[in-house]
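Chains as they are written, first to last, in our numbering: chain E, 1 to 640; chain U, 1 to 468.
The hints are simulated quantities; they were obtained by calculation from the structure and are not laboratory data. Honestly, I wouldn't trust all of these hints.
[What the hints assert, rightly or not] If you want a taste of the chain E side facing chain U, the calculated C-beta under 8 Å gives, among others: (1) Arg-221; (2) Glu-224; (3) Arg-227; (4) Ala-258; (5) Asp-262; (6) Trp-296; (7) Tyr-299; (8) Ser-300; (9) Gln-301; (10) His-302; (11) Arg-442; (12) Asn-446.
[Stated by the list, open to error] DSBU-like mimics (lysine-lysine), calculated; alpha carbons at most 30 Å apart, straight line: (13) Lys-230/E / Lys-121/U; (14) Lys-536/E / Lys-473/E; (15) Lys-382/E / Lys-462/U; (16) Lys-121/U / Lys-257/E; (17) Lys-230/E / Lys-438/U; (18) Lys-356/E / Lys-438/U; (19) Lys-432/E / Lys-402/E; (20) Lys-72/U / Lys-257/E; (21) Lys-438/U / Lys-382/E; (22) Lys-343/E / Lys-121/U; (23) Lys-432/E / Lys-465/E; (24) Lys-438/U / Lys-394/U; (25) Lys-122/U / Lys-257/E; (26) Lys-122/U / Lys-343/E; (27) Lys-343/E / Lys-462/U.
[Stated by the list, open to error] According to the in silico footprint, chain E covers these stretches of chain U (three or more CB under 8 Å from chain E): (28) 54-61; (29) 177-184.
Glycine included, each C-beta is placed from N, C-alpha and C at the ideal position.
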Amino acid sequence: MPVKCESDLSAVRLLKEKDPDQLYGAVRHIKNRVIGSRTRKQEYIDVGILPELIDVIKLHSTPISVEAAYICNSLAHGDTQCVEHLISSGLLETLIEGVFLEDQHLVEACLRTMRTIFYHHPNLETLNLWEVDNLIPRLIDLMMTSEVAGQCCAMIIGRVCKSRDQQAILSTTPILNNISTLLLSESTRSNIPGLFCLSELSYDNHFVAQEVASNDILIARLFELMRRDKYVLVQYNAAKCLTNLFRLGALNEESSKARILDTIVYLCLSEEVPIKHIGANLLHELIEQNSELQLWASYSQHLMRGLSRFFVATKDPEFSPRLRAAAFKAFAALGETQEEIRKSIIEGENIISHLKFGLQDDSLEVQVAALSCLHSLSRSVKQLRTNLLEAEVWQPLLRLIKTDDDELVRTSSRTLCNLLLDFSPSKDILLKQEGTVELLSRLVLNSDDEVKLNGVWALMNITYKANPELRSKILSHFGVLQILETVEDECPKLKIKALGLLRNILCDPDEVDRIMTSHGREVLQTLVPILSDSDKWSDEEQEQVMCVFINIATGHIAKDLLTERDDLMSCLLKFLSHFNSQLQIAATTCITHLVKSEDSGCLDRQNKLKEMGHFKELQTLLSARPEVSDRAKIALQYFQ
Amino acid sequence: VSTQSTGLYPHVPESELPRSWSSKDRWQFIKLSRCNLRVHYNGQGKTHKDAASVRATHPIPAACGIYYFEVKIISKGRDGFMGIGLADKLVNMNRLPGWEKNSYGYHGDDGNSFSSSGNGKKYGPTFTTGDVIGCCVNMINRTVFYTKNGINLGVAFTDVPLGLYPTVGLQTPGEIADANFGDRPFVFDIEGYIVECKTRLRRDIQTHSSSAPYNDNNLLDIVLKKMVFGYMVHHGYCGAAENFAKATNLYFFEDIPSIQNRQRVQKLIMKGMIGDAITLVQELYPTLLGNKPELLFKLQIRNFIEMINNLNSEPQSHPYSIASLMNGNEDTNEEKMEVDHKPEPSEGERQPSRHALEQLLLFGRELNAQNTQDEDLKRQLQEAFSLLAYRDPKASPIGYLLHPNQREQLCADLNSAILESNGLPRQPPLEMALSQTKNTVGRMLEEGLGAAAYCGLDEFLKCSLRPQ
């Protein structure tokens, strides 16, 4: 017969008791007191209940230890501070010990408490469950022991599965089988952790996606769980799993994507704020990089009008910014590829005015999302020339690019690149601003790869058709040697943009001669090896280098500098017979510039190229495809 | 031919559904082929005066709840001026759907929607050759939406009237379109949409607050408890009723022994021991059967049927006669009376005893001699007699009479009669409420309230009991 407790304090004192009845009475009393009361949870922790409770769990005696574990479960429902206390007292270690026991009741109690901790506090610094010997395999085994154990283990494993390696380890276990059991259950309580765990396992993981996709029963069940008669969070989690599979190309049936989209649109149009929020974020994941789904989404159920309503403030001040961010992200994905959709976003939904506010929102998340939306819209030539120009979006961009948040700088520099394209009228306005060139040159020095890339890209854009004054200004901030250094960077995209920048700089014969006089040696040293090593360098990179040489070949002094290099001339000869016609054309054009008769010394150069066999090779090209033979004809005309 | 649409509209007979375009109800420039499902334009197509439409054979029955059809554009012809939609019976067919009063359309060339007006409203994407356009009429909230290649384009029209016909209109040479009225699977997941509507409807019903005079929650609570309690008492669930009354502080308006007595009677009937049941009723409620001769006669007919049942399964039988019934039957061996679990005697193996047959015929003659004037009872008696004409009565067309479930109605009738004689309601209020609701839903369907299509009480109760 359990003993009744006089007061909370006496109950805590009784936890030290040896007598099982007294102890049982105490834990029952405390359990009934803490469930549902935040203040009492804190009070109990304050009087130092945790070490005592952990000792009681460690007795491993049913039902006393079970009740003690449930007290901890209730405490874990408290605020973050509460849970931090639990963890620093060593509760997790005790619970982990508990899950290795035989006693099913005690195991389940420990699992429930662990689940609560991991579910409510995913970002808490806890011990790494992967480092505990045999724990994950044990949890997977326990999944089949009871439905509750399955629910708890799925939630815990889903929470701690954070890397590709962990996904790989899990996918070799029977966990998918155990998850299927949860999904096939009629209980929402089982479906949600099962779906959650599956979505973590299948995220960006081809192997798991294929495993799931090849299981017809599982796929059919996922679609069933997405139906409207299911609890809305079940629908959401099922849609999330299917989105993962779809993104990896694992779903074959044509109709499946329309059904996933339909569910996500339904979630976006929900009246419940949290559902709208997760729905719009999932929409972004489903449709990004898929222009067909972007089109479908753009006309599905007046979705865009629904998303615009996200900008209207909600009653919950915590959620309003999250909704705005989700809407911007969804619009960014919608407008990613198609002009027609961008037009309806801007003209139909009046997004520009929302963007203006969004770019100076108090919330960082909103600013980043608004920027990515702006970036998406700035891919449109027409919008760059009209709405985006009128809205003077360059102003907030210049402000955001100077902040110290990586994500903001990344997204704003990306957008700035588009604004600086030649056909964008904002380009001239930006160049008239004090310090734009300095700003861009500083971006190149950034440690973040993408920011660096965007910096070079932007510089490339502004050097296109730049006047001598601007060119020298750019070179004074970002010199030829720095450009050459960037060409040798490991990132292929960065290389290409740096070569583009170099090509734009070397745009008229005087400039070419000036630069080749001062830096000719370095330029050749960097570029010629790229042409000679076809194994290491791609056709695209070699073609970019050839474009630079074509420009250099327009110079006067430069012509001889190039022709003197036998290694370079051998490369040109090699390219003349290359299977890639782009490289053939580039080599032919370069030779044309070198042998042009209006320049002094052209005869010497012609003779050299005749000797080395270029002339002969050009003659054989006369029978090549028209786009090559036409150019070969032009080059041959100059030979005397 | 089994069609997809039959599953979609369980409350509507196949013959009332639009299944093809009408060969009569069309403008002259419209030509039909492929079982009247393909529409061709064969007019001049110079101006909008050359527009031509066709209506389906039937208007959309409101009892469908949600109605859906699809049209595939086989060719957009010269300009693709095509409209898909709905029109009233009287709308001029020399027009595209949507231009006239009481007509609604979605047009391919501009993607606009037309609601009884020549001016379109921006609605969806344009459509052309190869596209499948669906039109869904929601008669629960009187809205219409379209689909393009399986994507729901959102609400196009609100407050549409009932009784509209599916219609398609064409305007330039070469335009061809195929309709799907449910003979083939749809591109759009209409079942999924119906599930959505049903779920929403169910939630609306569940969250609907009770109106006056029960707006006082307390009062409603008491009424509901009384109904549940009344149900238990009526059917004689004595222990449950007692506990329920205790837990809810309800007044017990019938004493326990009385409930137990009714339960005893019911048990006997359900076991097929009609004679014993009659004896017990005579004992407990001496005036009851005397006042209700037709009920007594029904019991006797049933007794006759049970005798036939026994004849085929029991080698040994009891003395049957009106007299013996009236005096009570001593045999209460329940095992022997369980007819439905015994294996069927194979033919020739076990012949009914001569004695039993004689008893049966004697009893039949006695019943006949009562010479009832009630037409219904006469018919019942004749049916019972005709069982004798069959070698294997169970396999005969009226074999169902022998099934134990036939005892239920009789049991309920007798129970009601006893309650009535004690001044209690014949039917428990809970059951009355149930059948009232069922009838109301049925009436609503007849009156064209679309929502009623998805308010089937049984389905509703089944779904509500499921945990969410």
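Do the hints match the structure? See the list:
Taking 8 Å as the C-beta cut-off, the interface hint given for Arg-221/E is violated, the closest approach to chain U being about 15 Å. Among the interface hints, the one on Glu-224/E is violated; its C-beta lies about 10 Å from the nearest C-beta in chain U, farther than the 8 Å criterion. The beta carbon of Arg-227/E is positioned within 8 Å of a beta carbon in chain U (closest approach about 5 Å), and the interface hint is therefore held. The beta carbon of Ala-258/E is positioned within 8 Å of a beta carbon in chain U (closest approach about 4 Å), and the interface hint is therefore held.
With 8 Å as the threshold, the beta carbon of Asp-262/E comes within range of chain U, its nearest partner Cβ sitting at about 6 Å, so the hint holds. Given the 8 Å rule on beta carbons, the hint for Trp-296/E holds: about 5 Å separates it from the nearest Cβ of chain U. Look at Tyr-299/E: its Cβ gets to within about 5 Å of chain U, closer than 8 Å, so that hint holds up. This hint holds: Ser-300/E has a C-beta 5 Å from the nearest C-beta of chain U, less than the 8 Å allowed.
Nearest Cβ of chain U to the Cβ of Gln-301/E: about 4 Å, under the 8 Å cut. The hint holds. A least Cβ separation of about 4 Å between His-302/E and chain U falls short of the 8 Å threshold, and the interface hint therefore holds. Among the interface hints, the one on Arg-442/E is violated; its C-beta lies about 45 Å from the nearest C-beta in chain U, farther than the 8 Å criterion. With a cut of 8 Å, the hint placing Asn-446/E at the interface with chain U is violated, because the nearest CB-to-CB distance is about 42 Å.
A distance of roughly 35 Å separates the Cα atoms of Lys-230/E and Lys-121/U; the hinted pair therefore is violated under the 30 Å criterion. This hinted pair does not check out: Lys-536/E and Lys-473/E have alpha carbons roughly 34 Å apart, beyond 30 Å. Using a Cα cut-off of 30 Å, the hinted pair Lys-382/E and Lys-462/U is violated, with the two alpha carbons roughly 57 Å apart. Simply put, Lys-121/U and Lys-257/E have alpha-carbon atoms about 29 Å apart, close enough for the 30 Å limit, and the pair holds.
Between Lys-230/E and Lys-438/U, the direct Cα distance comes to roughly 26 Å. Compliance with the 30 Å bound is thereby established for this hinted pair. Taking the CA atoms of Lys-356/E and Lys-438/U, the gap is near 57 Å; set against the 30 Å cutoff, the hint is violated. This hinted pair checks out: Lys-432/E and Lys-402/E have alpha carbons roughly 18 Å apart, not beyond 30 Å. A hinted pair counts as satisfied when its Cα atoms are at most 30 Å apart, and Lys-72/U with Lys-257/E qualifies at roughly 20 Å.
Distance restraint check for Lys-438/U and Lys-382/E: the Cα-Cα separation of roughly 62 Å exceeds the 30 Å cut-off, and the hinted pair is therefore not satisfied. Annotation: proposed proximity of Lys-343/E to Lys-121/U holds, straight-line Cα distance about 18 Å (limit 30 Å). Taken as a hint, the Lys-432/E and Lys-465/E pair is honoured in the structure, with Cα atoms around 16 Å apart against an allowance of 30 Å. At most 30 Å may separate the alpha-carbon atoms for a hinted pair to count; Lys-438/U and Lys-394/U exceed this at roughly 33 Å.
For the given pair, Lys-122/U sits about 26 Å from Lys-257/E by alpha-carbon distance, which is consistent with the 30 Å threshold. Taken as a hint, the Lys-122/U and Lys-343/E pair is honoured in the structure, with Cα atoms around 14 Å apart against an allowance of 30 Å. A threshold of 30 Å between alpha carbons decides the hint, and for Lys-343/E with Lys-462/U the separation of about 49 Å lies outside it, so the pair is violated. With 0 residues carrying a beta carbon less than 8 Å from a beta carbon of chain E, the segment 54-61 of chain U misses the three-residue requirement, and the given coverage is violated.
Taking a C-beta to C-beta cut-off of 8 Å, the segment 177-184 of chain U contributes 0 residues in contact with chain E, too few for the three needed, and the coverage statement is violated.
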